[in-house]
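S.K.: Sequence:
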Amino acid sequence: MYKKILLAGVLLSLFSSLSFAQDEQVKVIGSLIKGTPINSGSPISTFSAEEIGAQGNLNIVELIKMVPGSSGMDGEANQFGSNSAEGIANVNLRGLGTNRTLVLVNGRRQVTVPIATGAGRSVNLHDLPMSALSRIEILKEGAAATYGSDAIAGVVNFITDSNFEGLRVNIAGKGIANTEQDGNEFSITYGTALDDGTNFLLSLGSQKKGELRAANTDYVRRSFTENGVGGWSSFGNPGTFVFKLDDGNANTEAPTAYLGDPGCNAAGGYAQMLSADGKIDHKDAQGNVTSETNTNGYHTLCRYQYAYFDNVQEEQTNSQLWMEFNGDVNGEHDFHVEFSYGKTNVPNYATSPSYPPNNPTATVVPNSHPALQALYLQHPNFANTLKGTAFGGDGSTQSAAHAMFARPFAVAGNPNGNSNGSEIEFRKYDVVRFGFDFEGSLADGIDYRTGLTYSQSEGDYTFSDTQQNKYNASLWGFGGPNCPYEMTALSATGEPTMTHTDGVTGNANLAAARPTGCSYLNIFSNSVQHGNQAYHAQENPFTGDAQIGSTLKDRVGVNPNYQAAHANSPEFLRWLVDRGQIEAKSSLMTVDFTMQGSMGALAGGDAAWAFGYERREYNLEQSLPAIAGTPLSPTHDIFDGDKHPCLLPKDNRDAAARATCLATNPAGLFMFLAPNYGRDQSQEVDSLFAEFALPILDNFDMQLALRYEDYGNVDSVDPKVVMRWTPIDALTFRFTGQTTFRAPNPDEIWDKRSTSLAYVAQTGAFKAIDAVGNAALDPEEATTFNFGVITDFGTDNWTATVDYYKFEFDNPIITESYAQIAAAYAAGKGASPTAAQTAAFDAIKGQVRGGPNYVTDGTFAASEIARITTQYVNGPKTETDGVDLFVKWEDDYAEGTLSAGMEAAYVIDYSVAAYSKGGAQIAGAYECAGYFNINNTCRSMPDLKSKAFVNYVTDQHNFYGAINHISSYEDRRSSVEITPHTTVDATYTYSWDDEFSMSFSAYNLTDELPPFTLWEMSYDPNTHSPLGRYFKVGFTYNMQ
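Read in order, the letters of the sequence shown correspond to residues -21 to -1, 1 to 1019 in mature numbering (1 follows the signal peptide of the UniProt record, and there is no 0).
Since the hints were made in silico from the structure, they are not lab data. Certain hints may be false.
Unchecked claim - Within a straight-line C-alpha distance of at most 30 Å, the following computed DSBU-like cross-link-like pairs (lysine-lysine) qualify:
{"#": "1", "residue 1": "564", "residue 2": "731"}
{"#": "2", "residue 1": "366", "residue 2": "258"}
{"#": "3", "residue 1": "731", "residue 2": "785"}
{"#": "4", "residue 1": "824", "residue 2": "867"}
{"#": "5", "residue 1": "896", "residue 2": "824"}
Claimed, not checked - Restraint ranges, calculated between C-beta atoms of paired labels, are given here:
{"#": "6", "residue 1": "258", "residue 2": "359", "range": "18 to 26 Å"}
{"#": "7", "residue 1": "296", "residue 2": "1018", "range": "25 to 33 Å"}
{"#": "8", "residue 1": "777", "residue 2": "165", "range": "36 to 44 Å"}
{"#": "9", "residue 1": "868", "residue 2": "159", "range": "37 to 45 Å"}
{"#": "10", "residue 1": "594", "residue 2": "838", "range": "50 to 58 Å"}
{"#": "11", "residue 1": "956", "residue 2": "577", "range": "31 to 39 Å"}
{"#": "12", "residue 1": "951", "residue 2": "810", "range": "17 to 25 Å"}
{"#": "13", "residue 1": "956", "residue 2": "419", "range": "43 to 51 Å"}
{"#": "14", "residue 1": "471", "residue 2": "491", "range": "17 to 25 Å"}
{"#": "15", "residue 1": "113", "residue 2": "933", "range": "43 to 51 Å"}
{"#": "16", "residue 1": "931", "residue 2": "423", "range": "46 to 54 Å"}
{"#": "17", "residue 1": "834", "residue 2": "363", "range": "33 to 41 Å"}
{"#": "18", "residue 1": "423", "residue 2": "314", "range": "52 to 60 Å"}
{"#": "19", "residue 1": "864", "residue 2": "821", "range": "17 to 25 Å"}
Using N, Cα and C, we set each Cβ at its ideal position, and we do this for glycine too.
Sequences and hints are given; from them, build the entire structure.
M.R.: Listed below in structure tokens is the structure:
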């Protein structure tokens, strides 16, 4: 209804007219007509180069995180929430999603990164030339009528200093406690007027951040008692023995006994006690205790903290080159030519030493395993416990094989990784941009502007995992690069069939001695010499197993139970892990032509019109190059899902078996990461747009805009109306109303799966989450309103704006929440599910894979979930509204100018309606504002962000101080509030003369740590800075 009203209003007004009566005729964000930001009818925030410099030349992450209207952005390390986004910084206006904020450079679009991340595709702000900017403009409302789709939440426009003349050099060093390397920044900017009057601008910039390891921070190294979801996995190494117990009741799910490795604590792990008395209670369907099983104190889960191996801040280098020419032809036609290059390099991305199997029953070890036999000798009470009939024994001997929760290596770290034991990967991005435009006069009263912009981004990143067949073979003694056997089958009980690779010898006898060149993988505590874990004084009072150490949170001591004869060699572990690589490229070409002219005089001045056409062509390519492999496969692309969709290598070599895997369950060779796929997609968009500026009266202006966009298969017409009324000189009212539109992007309609990693609470572990595109998606539409007041209080010293905004979304394109799917599955598997819970379970059970047989039929417990498939869907209606406030006072004081002010954004409401699928409600309605939002489709959203500032500047001195505040917000999983976070920043700049200056900045002066959060890193990286207090010293040479 709103869209029809707005469209009718615009069409009825097309026979009127408009142009703003402004003092300075410059084109600003949000309009094709000229205006100045503070008098605009749209809500705009502007950051000038001088303001950024006064704060110590903030980098892009520091600046955007402080913008009150932005929340839930990437920019620091956050591999648990924004998969593959390392090295990327973006902006998320209104918390609506990074892919709904349009980023422009000089008013033209920039290509998004070529690799999909957990946050969706966005422009990498690190590629933009901060040293060449004159200002940054942020339009905090939808702008589809002006800029086209994707401008749902707003627009951020980075504008270069085209008229700069002179030489400016900036050098800065940054000191952050406990980083492996110091940070530094450098830029040089040169501008000059050439002989023909053309202005030339050249700028080079480089920024380096040092690696900050989680192992060096107190707030990440928390014990399991402090934060049970703080990166603690139940799939460790040392591992945990898993036994299904018979309670004699066929109608109930059999209870599970977990017996942790008896040397878990001494090896550096954490033996989580599962009962106070070391016994396991069996219960019948009515909940009555029928029997107890004595575990002799071994009823534990042997956990390890994978977050210990991750980074709070990655080592990262960003470089930018910017070059542009601005001039005219015969004094009648102006031209602008620009070229830029940006590079992001994350050379040592740190992650978990190894990944666990997605199938929780995939780890089975024979009782004859030499290291297990040695473990029995070290811990005879444990050996006797496993002889019990409850654990598969016959009273005198143990079971022939044991199921376990384990992974290739964990507490000991990866011997082939960094010095902390982390697996090391890289992330690289390169972006090139070229553009030109011309503008001038076509005829009397008619001007034109036309241009072409092309930008291309190339991304390259690696990842590692263990093949399931290698892992299972190694547990049974058939591992290693020189072992001539390959796993060709795996029984339901976890026993492999090992076949000789010569095609003649046949299958191996599992009871015989292992052939020469074949080795066992040891997943027990006697393989660990010195754990890479924090000492938390953990012990098992029943068995005497205790961590070794003396200082809390320091690295644990040497394992007294280590046996070198059973250790895993670094060479063997190197063979066990395979590396994959993705190369991707995205490109965007934009061509546009706009005409503008006068429509005659109205009471408030001359009216103006603008009409134009724009075409955008977006291309996306992705490939998996062949890289160095194993002796059996000198080069490989074994992560390619089209070539290797099956679990077993022999099936991938068979065309018919490979086709079956592709059609049914393309899980691939690896036990945790899913396959990737090559792709080559494109999207073309044609647009026609019009805008009219109507100064109806001296104190009342209107702006009307209309845009038609055609994606080939879908199209949209979006109107916009802007009104500004100034009843008295000291007071102005402004209003905007518009519809916005976003068509599905290539990721959202792609029929292949892309995989990320997420913590699934029902399993107590990270699991693979597959996102699958949906060709039947409808475009999302939003109607937005903004009502604001501008005043100077009748003085020359004050400026204040207050704006109320409202967004209403229909058919928002979202990825289903894996947490909501897991919760619906668990509810349906409950003891007495309701009819609604059963209907929801039936609707989603086909998207949940797990259980001993790795199936999707809903026959397994929620704790056995191994993998969840989510789909891109048109989600439930979403509404949000809030208030923005900006106040500034400025006056002469002593020998300088003193200014002070504040900016705040308050989210009143962000409500999401209930989500249904197949007629069944999967999740109820919920509120996002003021919540951590870990279990739904929103990102973290504190309801209040604010910043107060003061600045005093004289000829030689400039002092800038700021107080940044983020309000508390709640976590629905706990009664523990994420507390408010307030930091104080200060920068002092001393200028010797007009050329030399030096600045000293202290950020987070009171050294406020990020608030505790129930999350892997124990803080919220999308909201809070983890860096604590840090300092920056800068030197500037400026010759103009």
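S.K.: Assuming the hint says 36 to 44 Å, is it satisfied by the Cβ distance from residue 777 to residue 165 or not?
M.R.: 39 Å, holds
S.K.: Given the range 43 to 51 Å, decide if the beta-carbon distance of residue 956 to residue 419 lies inside it.
M.R.: 59 Å, violated
S.K.: Go ahead and decide if the range 17 to 25 Å is satisfied by the Cβ distance of residue 471 to residue 491.
M.R.: 23 Å, holds
S.K.: CB of residue 113 to CB of residue 933, is that within 43 to 51 Å?
M.R.: 23 Å, violated
S.K.: Cβ-Cβ distance between residue 834 and residue 363: within 33 to 41 Å?
M.R.: Given range 33 to 41 Å: holds, Cβ gap about 36 Å.
S.K.: Range hint 17 to 25 Å: satisfied by the CB atoms of residue 864 and residue 821?
M.R.: Cβ of residue 864 to Cβ of residue 821: about 49 Å, so the range 17 to 25 Å is violated.
S.K.: Residue 956 and residue 577, beta-carbon distance inside 31 to 39 Å?
M.R.: About 58 Å separates the Cβ atoms of residue 956 and residue 577, which means 31 to 39 Å is violated.
S.K.: Given the hinted pair residue 564 and residue 731, is their alpha-carbon gap at most 30 Å?
M.R.: 18 Å, holds
S.K.: If I claimed the Cβ atoms of residue 594 and residue 838 lie 50 to 58 Å apart, would that claim hold in this structure?
M.R.: 53 Å, holds
S.K.: Starting from the hint 17 to 25 Å, judge whether the C-beta atoms of residue 951 and residue 810 obey it.
M.R.: 23 Å, holds
S.K.: Hint check: residue 824 vs residue 867, CA-CA at most 30 Å. Holds or violated?
M.R.: 56 Å, violated
S.K.: Would the hint linking residue 896 and residue 824 be met if the CA-CA limit is 30 Å?
M.R.: OK: residue 896 and residue 824 at ~12 Å, within 30 Å.
Hint compliance for this structure: hints 3, 4, 11, 13, 15, 18 and 19 are not met, and every other hint is.
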